[in-house]
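Q: What follows is each chain in one-letter form.
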Amino acid sequence: MEPIYLDNASTTPTAPEVLAAMKPYFTDTFGNASSVHAFGRESKEAVEEAREKVADLIGADEPREIIFTSGGTEADNLAIKGIAMQNREQGKHIITSAIEHHAVLHPCEYLEEYHGFEVTSIPVDEEGLVNPLDVAEAVRDDTVLISIMLANNEVGTIQPIAEIGKIAQQKGICFHTDAVQAVGSIPVDVNELNVDLLSLSGHKFNAPKGIGALYIRKGTRIVPFMHGGAQERGKRASTENVPSIVGMGKAAEIVKNELKEKQEKLTRLRDKLIEGIEERIDEVQLNGHRNKRLPNNVNISIRYIEGESLLLNLDLKGIAASSGSACTSGSLDPSHVLLAMGISHEIAHGSLRLTLGKYNTEAEVEHVLDVLPKIVEKLRAMSPIYNQKEA
Amino acid sequence: MYSDKVMEHFENPRNIGELEDADGVGEVGNPTCGDIMKISINVEDDIIQDIKFKTFGCGAAIATSSITTEMVKGKSIKEAQKLTNKDVAEALGGLPPEKMHCSNLAADALKKAINNYLGLNGGDMCDDCDDKSGKHQ
Ligand SMILES: Cc1ncc(COP(=O)(O)O)c(C=O)c1O
Chain C
1 MEPIYLDNAS TTPTAPEVLA AMKPYFTDTF GNASSVHAFG RESKEAVEEA REKVADLIGA
61 DEPREIIFTS GGTEADNLAI KGIAMQNREQ GKHIITSAIE HHAVLHPCEY LEEYHGFEVT
121 SIPVDEEGLV NPLDVAEAVR DDTVLISIML ANNEVGTIQP IAEIGKIAQQ KGICFHTDAV
181 QAVGSIPVDV NELNVDLLSL SGHKFNAPKG IGALYIRKGT RIVPFMHGGA QERGKRASTE
241 NVPSIVGMGK AAEIVKNELK EKQEKLTRLR DKLIEGIEER IDEVQLNGHR NKRLPNNVNI
301 SIRYIEGESL LLNLDLKGIA ASSGSACTSG SLDPSHVLLA MGISHEIAHG SLRLTLGKYN
361 TEAEVEHVLD VLPKIVEKLR AMSPIYNQKE A
Chain L
1 MYSDKVMEHF ENPRNIGELE DADGVGEVGN PTCGDIMKIS INVEDDIIQD IKFKTFGCGA
61 AIATSSITTE MVKGKSIKEA QKLTNKDVAE ALGGLPPEKM HCSNLAADAL KKAINNYLGL
121 NGGDMCDDCD DKSGKHQ
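So the sequences go chain by chain: C and L. Heads up: the first sequence begins at 1 in my numbering, then just goes up one per residue. Heads up: the second sequence begins at 1 in my numbering, then just goes up one per residue.
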């Protein structure tokens, strides 16, 4: 059996059509998009066409509301630091959630440490959901930014962003959402979601790594943090990464056209995985909400075994997955997301994340359902905390 | 990330299980930190005749447990007492630095099992047991 890639929340392969669209922009059409000559104009046109496609994917009113960045992390940094700096005279309070990606959490911590901001972290319930009422209650006179992610990268929980956006609107506070995991996976519309800023990243939907974008609603003022040339309307200096921008545009176009189909297929495969695992392995728990969940995300904790040894065993069988275990995070603590959901350390150590992508097949899912129970049995047989129910 | 030797023990762990009538049992770690190792030994004529382990933990935890059992099986208690976590890591061709602490406790579990066999209280891993093992006998 060919290797099976079930780690699409980490990254996805660049689609062949995307790569084909990018190729001419490395060699033939290599001009600097800021140059006035024909070479430059051609690149500029390609960048603007890509901008339209990305804008179209997320329902932005105007392409110029899209600022290309080096990825999701930079988009998050630009949004959070940029809005904080812009409004620092009005107030120094930021609201975010306990389950954000580090690309949001760490800029917030930076603002606390170096710029005197105060950050309120909204807790989540056991399914990983933020309660919009908690956000409303946390708002203060000096709140200048609310940043809550649209869909979580570990457990796939989809937050009530439109509702939170309404609260932010009513209170006149800037609202950012990290939609890196959501864009290309579920329909995303900046107007329906009531957001002022939205981050996305190409490599999560079959564009290359190192390209992303920040949607900035028209009229939203922001201080850039990449200072230099006048690219991206002065909001993000540096010569445009034309091939990657073209690639993200192409990927946006493709995924917009196939979104409904992709969503249906992945939801079916996801539920087959979840149900299959629950049927074949005892003492497992699904982490995250069963329905308010990305179509491509399975996150389960398997009791009495540890995530890294599970991943290594899967890898030996050619199956790529990930885990929230401390042993895979490079720190002593398991995933902050699972802990914030009230999951014990022990259960968090045994978490397994399988994330689907457009190229996964039913046969692959069936193979995983065949292999996984055997690995679990092997690891439980050597686990000192597994009380075997011997006959 | 892991050496071939680690992966070899991880894939084919030796001496898994628990001895029914163990002469000594030692356990270290807890589920919170993500690693638990339990070693049981049978001793006859001062020789570790049989040894088994059970481990909850990452690849390093399983491999260190496995090789520890292999290293001391058939050895005298005195020899086994000299085994350190460092020896275990070296025998595996090294471990990633972040695994040196929490996942490299098999020698400690063994020490506890030996102390338990010797009837020493608690089986605490005092440094005394390491070099001046005679002191406790
Ligand atoms: C929710 C979320 N935000 C931000 C990022 C960072 O994106 P990038 O890798 O493009 O910098 C990721 C990707 O790991 C993510 O899942």
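Be aware that a few hints might be false.
What the hints assert, rightly or not - Only part of the chain C face toward chain L is listed, based on derived beta-carbon distances under 8 angstroms:
| # | residue |
| --- | --- |
| 1 | 1 |
| 2 | 2 |
| 3 | 47 |
| 4 | 231 |
| 5 | 274 |
| 6 | 278 |
| 7 | 281 |
| 8 | 304 |
| 9 | 308 |
| 10 | 309 |
| 11 | 325 |
| 12 | 345 |
| 13 | 383 |
None of these hints come from the bench; they were simulated from the model. Note that the Cβ used here is the ideal one computed from N, Cα and C, for glycine as well.
Q: Give a verdict on every hint.
A: Comparing the hints with the structure gives:
At its closest, the beta carbon of residue 1(C) sits 18 angstroms from a beta carbon of chain L; the interface hint therefore is violated under the 8 angstroms criterion. Restraint check, residue 2(C) versus chain L: the minimum CB separation of about 21 angstroms is more than 8 angstroms; hint violated. The beta carbon of residue 47(C) comes no nearer than 39 angstroms to any beta carbon in chain L, farther than 8 angstroms, and the hint placing it at the interface is violated. With 8 angstroms as the threshold, the beta carbon of residue 231(C) stays out of range of chain L, its nearest partner Cβ sitting at about 39 angstroms, so the hint is violated.
Among the interface hints, the one on residue 274(C) is violated; its C-beta lies about 24 angstroms from the nearest C-beta in chain L, farther than the 8 angstroms criterion. With a cut of 8 angstroms, the hint placing residue 278(C) at the interface with chain L is violated, because the nearest CB-to-CB distance is about 22 angstroms. The criterion of a C-beta within 8 angstroms of any C-beta in chain L is not met by residue 281(C), whose closest approach is roughly 16 angstroms, and the hint is violated. The interface hint given for residue 304(C) holds, since its Cβ lies 7 angstroms from the closest Cβ of chain L, which is under the 8 angstroms cut-off.
Proximity of residue 308(C) to chain L holds as hinted, the smallest CB-CB distance being about 4 angstroms (cut-off 8 angstroms). At a threshold of 8 angstroms, the smallest CB-CB gap from residue 309(C) to chain L is about 5 angstroms, leaving the interface hint in force. Among the interface hints, the one on residue 325(C) holds; its C-beta lies about 6 angstroms from the nearest C-beta in chain L, closer than the 8 angstroms criterion. Hint status for residue 345(C) relative to chain L: holds, with the closest Cβ pair at about 4 angstroms, below 8 angstroms.
Given the 8 angstroms rule on beta carbons, the hint for residue 383(C) holds: about 5 angstroms separates it from the nearest Cβ of chain L.
Violation of the numbered hints given earlier is confined to hints 1, 2, 3, 4, 5, 6, 7; the remaining hints are satisfied by the structure.
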